[in-house]
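J.: For reference, the chains in residue letters:
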Amino acid sequence: MDQERRGQWLRGVLDLCVLALLHRRESYGYELAQSLDASGIGPIQGGTLYPVLLRLQRTGLVSAQWREGAAGPARKYYRITPAGADTLRRTAVDWDAFASGVGTVLREVQTR
Amino acid sequence: MTKIWTVAELALREVARRRGVLLILLVFPLAFYASRRDEHTGQSIRFVCLGLSWALSTAALFAGSAARGIEPRLRLSGYRAYHLHLGRLLALWTVGAVLSVPYFLLVRFDQDDVRYGAIALIMALTVATAVPFGLALSAILPRELEGTLVLLIVVGLQMVMDPADTAARALPFWFSREIGTYAIDHTDSGYLARGLVHGVTLTLALTALVAIASGIRLRQRRHLRFD
Amino acid sequence: MNSDGWLQALAGELHRRGLDPDLSRHVVAEAATHLRDSGEPPLQVFGPPATYATAVAESVGAPQPGGGVGVARVAMPVRPPHTPGPVRLEVRGITKRYRRRPVLTSVDLTVRAGEIAAVVGANGAGKSTFLRICAGLLSPDAGRVRVHGTLGYCPQSGGTADFLYPEEHFVLVGAGRGLHRAEARAAGRAHAGALDWEPAGRTQARHLSGGTRQKLNLVMAALGEPDVLLLDEPYQGFDRGTYLDFWQQLWRWRADGRAIVVVTHLLNQLDRVDTVLDLTPAREMSA
Numbered sequence: 030m031d032q033e034r035r036g037q038w039l040r041g042v043l044d045l046c047v048l049a050l051l052h053r054r055e056s057y058g059y060e061l062a063q064s065l066d067a068s069g070i071g072p073i074q075g076g077t078l079y080p081v082l083l084r085l086q087r088t089g090l091v092s093a094q095w096r097e098g099a100a101g102p103a104r105k106y107y108r109i110t111p112a113g114a115d116t117l118r119r120t121a122v123d124w125d126a127f128a129s130g131v132g133t134v135l136r137e138v139q140t141r
Numbered sequence: 200m201t202k203i204w205t206v207a208e209l210a211l212r213e214v215a216r217r218r219g220v221l222l223i224l225l226v227f228p229l230a231f232y233a234s235r236r237d238e239h240t241g242q243s244i245r246f247v248c249l250g251l252s253w254a255l256s257t258a259a260l261f262a263g264s265a266a267r268g269i270e271p272r273l274r275l276s277g278y279r280a281y282h283l284h285l286g287r288l289l290a291l292w293t294v295g296a297v298l299s300v301p302y303f304l305l306v307r308f309d310q311d312d313v314r315y316g317a318i319a320l321i322m323a324l325t326v327a328t329a330v331p332f333g334l335a336l337s338a339i340l341p342r343e344l345e346g347t348l349v350l351l352i353v354v355g356l357q358m359v360m361d362p363a364d365t366a367a368r369a370l371p372f373w374f375s376r377e378i379g380t381y382a383i384d385h386t387d388s389g390y391l392a393r394g395l396v397h398g399v400t401l402t403l404a405l406t407a408l409v410a411i412a413s414g415i416r417l418r419q420r421r422h423l424r425f426d
Numbered sequence: 013m014n015s016d017g018w019l020q021a022l023a024g025e026l027h028r029r030g031l032d033p034d035l036s037r038h039v040v041a042e043a044a045t046h047l048r049d050s051g052e053p054p055l056q057v058f059g060p061p062a063t064y065a066t067a068v069a070e071s072v073g074a075p076q077p078g079g080g081v082g083v084a085r086v087a088m089p090v091r092p093p094h095t096p097g098p099v100r101l102e103v104r105g106i107t108k109r110y111r112r113r114p115v116l117t118s119v120d121l122t123v124r125a126g127e128i129a130a131v132v133g134a135n136g137a138g139k140s141t142f143l144r145i146c147a148g149l150l151s152p153d154a155g156r157v158r159v160h161g162t163l164g165y166c167p168q169s170g171g172t173a174d175f176l177y178p179e180e181h182f183v184l185v186g187a188g189r190g191l192h193r194a195e196a197r198a199a200g201r202a203h204a205g206a207l208d209w210e211p212a213g214r215t216q217a218r219h220l221s222g223g224t225r226q227k228l229n230l231v232m233a234a235l236g237e238p239d240v241l242l243l244d245e246p247y248q249g250f251d252r253g254t255y256l257d258f259w260q261q262l263w264r265w266r267a268d269g270r271a272i273v274v275v276t277h278l279l280n281q282l283d284r285v286d287t288v289l290d291l292t293p294a295r296e297m298s299a
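Residue numbers (my numbering), protein chains in the order written: chain A, 30 to 141; chain B, 200 to 426; chain C, 13 to 299.
Calculated directly from the structure, the hints in this document are not laboratory data. Treat the hints with care, since some could be wrong.
[What the hints assert, rightly or not] One side only, chain C facing chain B, incomplete, derived with CB under 7 Å:
1) L19
2) R156
3) G171
4) W259
This one's a predicted model, so the numbers in the text were calculated from it and none came from an experiment. For each residue, glycine too, the CB sits at the ideal point set by N, CA and C.
Required output: the full structure, derived from the provided sequences and hints.
T.: Below, the structure is given as structure tokens:
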């Protein structure tokens, strides 16, 4: 995949993906990066991920807490807030509409 | 008053940190003294006084030049011109007083048959005049080099001119020769009086000159107004 | 660069960007945990410390050198959209010739409390001359300058006493401003701290590096909190980090209601100031 284009797409949806992952369960930065990679979105570097988390925290869509994990050192755990869940729900609908629009247009090219 | 003391104290610290200059200051008049030690009585005393005046005015000249960069901004920081030049005068007078003590003691114990009180007076007047003389040169002349040359000429003339010559009275350290004659050759007190008047007048005139020059250089310019 | 070195550099860069110290600590700690978990080299995961610090500062809403308006730390409210205070410096019709060559021709400038004015222009355009006239160190051929309040001036170079320690400079300038010794030292140290400089110690001004001597110069100008600050390219010899600190400091002074005139030839700062005075002669601009 063209890395630059992938980066551009990611910029638009990374915060949504993070919110969605946190909607499943609370998590910390490194784990989120692994989950994103595992889900096929591709490797996300810390330099990209943490600024997004900070922005989400600042806008009140996630909350954060330093806590000792079951094993290993203290980590900063992020949890989605009600406002975050709300935003996620609304934006997910918008994204569906948008993505299906893009999909429709692009499929015409593929099938021709 | 705090402002004057602060300037004086820090100027004194500055001088104290110029170890090399201090050493030369201390040794220089000694060289003058030793060079005439074997000649007839008193010549070495005349020379040590001249050496002291030259060393001190040179020190004042350099101190004045070194302060040129910082004085305008101190003026902007709330100092008046008189705080700055009075502080510096006080500091250099202190340096001069401290430096001349060992020389007075040298004369006191190395020379017989001279009027020691008059020698002390010469040294006091030397310190009093040499400092404003050097500062005045630094205020009037643009660079240290010019000032040093002027000092060289003045002290050179002072050595070769006959003190009895009327023109010699125009030289700043004439009083030193005049009172010197009184102290060494035991002449009448007319010498003492003339020398004293010359020295005191000169101190006042040179100090006034320093004040005027620094006042002009650090004046508040007409285009600028503070409300 | 190893992880520790990288994390330390990150901490420094975050500080320079005016980030809240608590938040900075968390960001650094989080990056450290991530690096330990992933075992990857920091440059690959986060990029250069400065770049990452910029990204962090942007996402928490801290002002960026080059981009933002305010000086506020993260926790502080953003600067209200330009509330000009009373006029502090009024320059009218300043004209200056050197040997009949006109250097300044009828220059006007008004700076209010809480404003930064940048003076720009090619070499020899008269930037320093203009500032020296404003400070009253030089007389113009025509025109007048009015200062409402007190004045602080920082020259391009010189202006320090070679044989004195930095703290003695603070005492000297402080006494002029009516500060006691302890007050002057404390104020000097505080201003120096903002420029990431620890001035205690017995180093005579002549032994300081060029950049540090300029910091001393800047602190001397700022002592006693004058209402108007005239700064003549004070950042000569500053490294990049100190340069950022310097602008942070300017914004803090602006937020405190100081009127600042700063001479600069680097145009990339111009979006961070309120007024720009270009002294480049008209015929050169059209040429």
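J.: Determine for every hint whether it applies to the structure shown.
T.: Hint check:
The criterion of a C-beta within 7 Å of any C-beta in chain B is not met by L19 of chain C, whose closest approach is roughly 41 Å, and the hint is violated. A least Cβ separation of about 5 Å between R156 of chain C and chain B falls short of the 7 Å threshold, and the interface hint therefore holds. Taken as an interface hint, G171 of chain C checks out: its beta carbon lies about 5 Å from the nearest beta carbon of chain B, inside 7 Å. Evaluation of the W259 of chain C hint against chain B yields a violated restraint, the C-beta minimum of about 23 Å exceeding 7 Å.
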